[in-house]
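Let the sequences and hints guide you as you build the complete structure.
First to last, the protein sequences are chains A and B.
Count along the first sequence from 1, then add 1088; that gives the number in the working numbering.
Count along the second sequence from 1, then add 1184; that gives the number in the working numbering.
No lab work stands behind these hints, which were simulated from the structure alone.
There may be inaccurate statements among the hints.
Unchecked claim - Examples of chain B residues lying across from chain A (beta carbon under 7 angstroms, computed):
| no. | residue |
| --- | --- |
| 1 | Phe-1597 |
| 2 | Arg-1601 |
| 3 | Leu-1610 |
| 4 | Phe-1613 |
| 5 | Gly-1616 |
| 6 | Asp-1869 |
| 7 | Asp-1876 |
| 8 | Ala-1948 |
| 9 | Lys-1949 |
Unchecked claim - Label pairs and their calculated CB-CB ranges:
| no. | chain 1 | residue 1 | chain 2 | residue 2 | range |
| --- | --- | --- | --- | --- | --- |
| 10 | A | Gly-1291 | B | Ile-1438 | 18 to 26 angstroms |
| 11 | B | Phe-1930 | A | Thr-1191 | 46 to 54 angstroms |
| 12 | B | Gln-1596 | A | Gln-1241 | 39 to 47 angstroms |
| 13 | A | Ile-1366 | B | Phe-1471 | 52 to 60 angstroms |
| 14 | A | Pro-1147 | B | Tyr-1916 | 44 to 52 angstroms |
| 15 | B | Asp-1607 | A | Phe-1190 | 35 to 43 angstroms |
| 16 | B | Arg-1794 | A | Phe-1242 | 53 to 61 angstroms |
| 17 | B | Asn-1653 | A | Lys-1370 | 54 to 62 angstroms |
| 18 | B | Leu-1610 | A | Lys-1370 | 41 to 49 angstroms |
| 19 | B | Phe-1930 | A | Pro-1147 | 18 to 26 angstroms |
The beta-carbon is built from N, C-alpha and C at its ideal position, and this holds for glycine as well.
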Amino acid sequence: MDHLRYFFLLALVSMLGVLACDLEQEVDIDLPEYESRVVVECYLEPGQPFSLLLSRSLPYFSPFPPLNQEFLENILVDSARVEVFYDGRTYELSNQLFFNPFTRKLFNYHSPEKVPFDTLSTFQLSITMPDGQTVLASAQILPVVKIDSLVVQFNESDTLARVLTYFTDDPDVKNYYRRMFHRSSLDSAAVQDFSVDDRILEGTAVFGTGYNYAVGDTIISTLFHLSPDYYEFLESLEDAVSSNGNPFAQPSPIISNLRGTANAMGIFTGISYDRQAIILRK
Amino acid sequence: MYRSITFLLLFLVNWGLAQQSVTISGRILDEDNGETLLGATVLNATQGVGATTNEYGFYSISVPAQDSVRLVFSYVGYQPRDFSLFLFRDTTLNVSLSTGVQLDEVVVQANSYKEQLNSTEMSVEAITTREAKLVPVLLGESDILKTVQLKPGIPSGSEGTTGIFVRGGSNDQNLIVLDEAIVYNANHLFGFFSTFNTDAVKDLKIYKGGFPPQYGGRLSSVIDVKLKEGNNKQFAGSGGIGLIASRLTLEGPIQKEKSSFIVSGRRTYVDIFTRAVNRSKEDNPDFNPIPDYYFYDLNTKINYELGEKDRLFLSGYFGRDVFGVNGDFFDFDFDWGNATGTARWNHIFSPRLFANTTFTYSDYQYNIQNRVTGFSFRVGSNIRDANLKTDFYFAPNNRHSIRFGANATYHQFTVGRLKAGSDDGLVNFSAGQDFSGMEYGLYFSDDIDLSKKLAINGGLRLSGFGNDNTFYFGIEPRLAARYSINDRWVAKASYARMYQYLHLISSAGLALPTDVWYPSSDRVKPQQSHQVAAGVSYILGGQFLLNLEGYYKNMDNQLQFVDGAQLFANDDLEEEFAVGEGEAYGLEFSIEKKQGKWTGWIGYTLALIRLKNFSTLDPNGRFAQESEGFGPFFPVYDRRHDLSVVLMFEASRRLAATATFVYGSGDLRWLAPGRFTIQDIYGADFEAVVPDYRERNNYRLPPYHRLDLGIVFRFFPKWGETDLTLSVVNVYDRRNTFFIYLEPEFPEDDGTGNTIEFPDRIAAKQVSLFPILPSLTWNFKF
Chain A
1089 MDHLRYFFLL
1099 ALVSMLGVLA
1109 CDLEQEVDID
1119 LPEYESRVVV
1129 ECYLEPGQPF
1139 SLLLSRSLPY
1149 FSPFPPLNQE
1159 FLENILVDSA
1169 RVEVFYDGRT
1179 YELSNQLFFN
1189 PFTRKLFNYH
1199 SPEKVPFDTL
1209 STFQLSITMP
1219 DGQTVLASAQ
1229 ILPVVKIDSL
1239 VVQFNESDTL
1249 ARVLTYFTDD
1259 PDVKNYYRRM
1269 FHRSSLDSAA
1279 VQDFSVDDRI
1289 LEGTAVFGTG
1299 YNYAVGDTII
1309 STLFHLSPDY
1319 YEFLESLEDA
1329 VSSNGNPFAQ
1339 PSPIISNLRG
1349 TANAMGIFTG
1359 ISYDRQAIIL
1369 RK
Chain B
1185 MYRSITFLLL
1195 FLVNWGLAQQ
1205 SVTISGRILD
1215 EDNGETLLGA
1225 TVLNATQGVG
1235 ATTNEYGFYS
1245 ISVPAQDSVR
1255 LVFSYVGYQP
1265 RDFSLFLFRD
1275 TTLNVSLSTG
1285 VQLDEVVVQA
1295 NSYKEQLNST
1305 EMSVEAITTR
1315 EAKLVPVLLG
1325 ESDILKTVQL
1335 KPGIPSGSEG
1345 TTGIFVRGGS
1355 NDQNLIVLDE
1365 AIVYNANHLF
1375 GFFSTFNTDA
1385 VKDLKIYKGG
1395 FPPQYGGRLS
1405 SVIDVKLKEG
1415 NNKQFAGSGG
1425 IGLIASRLTL
1435 EGPIQKEKSS
1445 FIVSGRRTYV
1455 DIFTRAVNRS
1465 KEDNPDFNPI
1475 PDYYFYDLNT
1485 KINYELGEKD
1495 RLFLSGYFGR
1505 DVFGVNGDFF
1515 DFDFDWGNAT
1525 GTARWNHIFS
1535 PRLFANTTFT
1545 YSDYQYNIQN
1555 RVTGFSFRVG
1565 SNIRDANLKT
1575 DFYFAPNNRH
1585 SIRFGANATY
1595 HQFTVGRLKA
1605 GSDDGLVNFS
1615 AGQDFSGMEY
1625 GLYFSDDIDL
1635 SKKLAINGGL
1645 RLSGFGNDNT
1655 FYFGIEPRLA
1665 ARYSINDRWV
1675 AKASYARMYQ
1685 YLHLISSAGL
1695 ALPTDVWYPS
1705 SDRVKPQQSH
1715 QVAAGVSYIL
1725 GGQFLLNLEG
1735 YYKNMDNQLQ
1745 FVDGAQLFAN
1755 DDLEEEFAVG
1765 EGEAYGLEFS
1775 IEKKQGKWTG
1785 WIGYTLALIR
1795 LKNFSTLDPN
1805 GRFAQESEGF
1815 GPFFPVYDRR
1825 HDLSVVLMFE
1835 ASRRLAATAT
1845 FVYGSGDLRW
1855 LAPGRFTIQD
1865 IYGADFEAVV
1875 PDYRERNNYR
1885 LPPYHRLDLG
1895 IVFRFFPKWG
1905 ETDLTLSVVN
1915 VYDRRNTFFI
1925 YLEPEFPEDD
1935 GTGNTIEFPD
1945 RIAAKQVSLF
1955 PILPSLTWNF
1965 KF
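Rendered as structure tokens:
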């Protein structure tokens, strides 16, 4: 069967040929025209000052200039009137750049007054844009869901350990969570950061890691309790980012909890979380 | 010139003398292997009337009693046979036709076109296994389902996938039946190959419109695949070795010319090589093992002639795709596949009344198992059917051909079954929904020759679907008409109303094994459509058949997903649905040559499909197109132009060559025209580029085109026949677009630890699936 020998030879050559080909290439494409939209980020964290970032979206291929004052003026929206109403009071957030050196976050509307811890009342946001368009939203601060325990398990055949974060989900209430996990410090990139709803959690729930941590490592586990609005926003953000480059995923427009006439997108939400940090020991 | 085989003079007993006409019935068979020939014709040459064999190979024709008639039996690719008969009573006549050199191929060709023209059926395409084996396909694996997508009006999905979008219908609107059992997912390897092993398939026919009343349950097409019955004359085998898979088919008589069997299997073997690579690199800590993947399928069929009037068929299909990744601390296993079973009984009550009763079983499931030390996670879905149907064919005379029948199907669905937990029992949760439902059908149709020029096929199908809470009822009138303008020109028109009670939950425009079938419920109404089609056919020079056909279809209760739909482990999937309407219209043109050294076809389709008026079932749900007020939108598979050219050249008995060229407008994709920045909360990563998606499917990919060539060298050793099939897919190395993504390119890390980084630029990247791809397959037959 001489031709079988040639057959396998050709098969091998073909497969190598395919492997050697570059199937990805850069192309020029024309995207549809895009009208810039207002983007709002406002997180109400008890004990922290009222801060809000008001920016604008841009056409996808618009250039990225260096991160300087000119760039900030291009991307930030100034001269809006921003107010938060709570418990009969009005907190006016003035238009000033505020960089929090601890969290390394930048805001362009700020009030030095601190967000109260109140899980019963509603906070109302009102933004009037320079052109008179409005952005309206409301939010609550949810009670904290506590982390029950952090369990460190070393693999029998190795020196590395995994960390399990246990908590208890109330089966009678619809809950949404954001799980964050850091090594060393919160300034480092999160090892894990995702949101879940409690339809796949019943009673005792656990988030785990791989066997990636050694004795002496500091790990920080954070459990955020999310409002449905914030969860939907985060999920749509995740879907929007991850569907770019995944032909099997359906893209998602951003789902915001913002109303008003400005066609804005973004989030106005309370932040509540429990955080535990440990240094791994055997 | 026909070769006259036999002259029969049948003097039979006297009771038939009083009759005005007598009926001749029977089967038309392949002389070499005893396979029934479906759609073969019998022509009363004396009177110029004819009949064709039905999908079970049975024919019935009335001729005048006590008069001589000349019957001509023919089938494309076979030598015709004619019989001169003088009959006194109803007679059974089984006729075998043989392949071989035809003395007057043009006449045969014209006759075969004429039968096609005389039929009231329209919007039908058929493909033979011979064509499927010649047409070059990916990695040398012939694929009858992919080949039929080269016919007009049946554009395939994206590059390399088997999603089928017939006349603007979505991928779930195709009724795919294998020996009458429904195949719910006809894909292997995420759609690169279909589940149909060409070696085991006898015939594939696809209805794009003008649906006969015996079919129901889907809006856009019926793909009817029949398995071979097995050689009932002698033991035979065939098979092949390809780049990625091998095939073997064995068939033979159990009792000569009375019963036969066929067993056909194939398996891919890329996993054998990848496992060897993994083993050789297992000491390298930086090496990520290549996942294990293979698929296999097995077809079997047994048929038995119980007597002159009864035949029994048992057939089955089982196929699985298996994917796995195994590591020291985790295992991930994913398998999916179909199983079908068919038990069929043909009974001839009289020469004019034929019945077929079938019991079928279908199962499609996928299972994912994930295990990490101490924890396990399983998810899966499946659909199971048990279906009983009976069909009657009654031919009171040559002007009427009546069909009636009924079926009942029990459906069982498991949607998103999820179980997860820890070994210590502390963590334990589950999700998923179970449904069941009964689907019914009752139909009647009559194919009537009103005159030599005009024939109609009128019928009605009554359908229903019920489960615990709801019952839906559908009245589905079907009408088709044929008007012969002259010997060469024929005009046809049809109307069909269709109901579809099952819906495929698919998160992407592409066919995925994790797509889930979901039943109609009190909130999810059945899909419905009206389709009208009209066309003309013309025989050009006796050798070519030209077809021009236009259609319009509107569809109700079309499903899409709300923005940010959560499909995983969701016990209330209906909250994620948006329901709307669709309309599709187009023109299809084809020119076909069926016989001679050169055969093939050119097909062109101009089409448009539009979806509109969507609203969410959940009052709080959002659907971008409507909430933003953008109005109607086009689905991803909207393809304006679709051209295919297929040429096959039989140079000699030893050499054949084929060429296939396809050109299509690019599919649509949903790209974000804008972007923004999210800095998020403390601890989260700064996201410099978040896409802002606006109108759905707003970007058309570049046109798709490709040329494939194939050449078959045949050898004839003493023990049988072998061939080497060389195919080259994508001859001029066109990089067709599989998908496009927009990639931000960040500067190199400046070492400052600054977590706020903006890209330098954004690049649009196009990903293609394959370059020029030669392959070689060795096939054998004995």
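So, going through the hints one by one against the coordinates:
With its C-beta approaching chain A no nearer than about 19 angstroms, Phe-1597 of chain B sits outside the 7 angstroms limit, and its interface hint is violated. The criterion of a C-beta within 7 angstroms of any C-beta in chain A is not met by Arg-1601 of chain B, whose closest approach is roughly 12 angstroms, and the hint is violated. With a cut of 7 angstroms, the hint placing Leu-1610 of chain B at the interface with chain A holds, because the nearest CB-to-CB distance is about 5 angstroms. Given the 7 angstroms rule on beta carbons, the hint for Phe-1613 of chain B holds: about 4 angstroms separates it from the nearest Cβ of chain A.
At about 11 angstroms, the closest approach between the beta carbon of Gly-1616 of chain B and any beta carbon in chain A exceeds 7 angstroms, and the interface hint on this residue is violated. For Asp-1869 of chain B, the interface hint holds, since its Cβ comes within 7 angstroms of a Cβ in chain A; the closest pair sits about 6 angstroms apart. Checking Asp-1876 of chain B against chain A: minimum C-beta separation of about 5 angstroms stays under 7 angstroms; hint holds. At its closest, the beta carbon of Ala-1948 of chain B sits 5 angstroms from a beta carbon of chain A; the interface hint therefore holds under the 7 angstroms criterion.
Because the beta carbon of Lys-1949 of chain B sits about 6 angstroms from the nearest beta carbon in chain A, less than 7 angstroms, this interface hint is met. In this structure the supplied range 18 to 26 angstroms is violated for Gly-1291 of chain A paired with Ile-1438 of chain B, their Cβ-Cβ distance being about 59 angstroms. The supplied range of 46 to 54 angstroms is broken by Phe-1930 of chain B and Thr-1191 of chain A, whose beta-carbon atoms lie about 22 angstroms from each other. Taking 39 to 47 angstroms as the suggested C-beta distance range, the pair Gln-1596 of chain B and Gln-1241 of chain A conforms, at roughly 41 angstroms.
Separation of Ile-1366 of chain A from Phe-1471 of chain B is about 33 angstroms and departs from the stated range, judged on CB atoms against 52 to 60 angstroms. In this structure, Pro-1147 of chain A and Tyr-1916 of chain B break the distance hint of 44 to 52 angstroms, their C-beta atoms being roughly 35 angstroms apart. The given range of 35 to 43 angstroms is respected by Asp-1607 of chain B and Phe-1190 of chain A, whose C-beta atoms sit roughly 41 angstroms from each other. Between Arg-1794 of chain B and Phe-1242 of chain A, the C-beta spacing of about 60 angstroms keeps the proposed range 53 to 61 angstroms intact.
For the pair Asn-1653 of chain B and Lys-1370 of chain A, the supplied restraint of 54 to 62 angstroms holds, since their beta-carbon distance comes to about 58 angstroms. Between Leu-1610 of chain B and Lys-1370 of chain A, the C-beta spacing of about 23 angstroms breaks the proposed range 41 to 49 angstroms. The hinted range of 18 to 26 angstroms is satisfied by Phe-1930 of chain B and Pro-1147 of chain A, whose Cβ atoms lie roughly 19 angstroms apart.
In terms of the numbered hints stated before, the structure departs from hints 1, 2, 5, 10, 11, 13, 14, 18, listed from lowest to highest.
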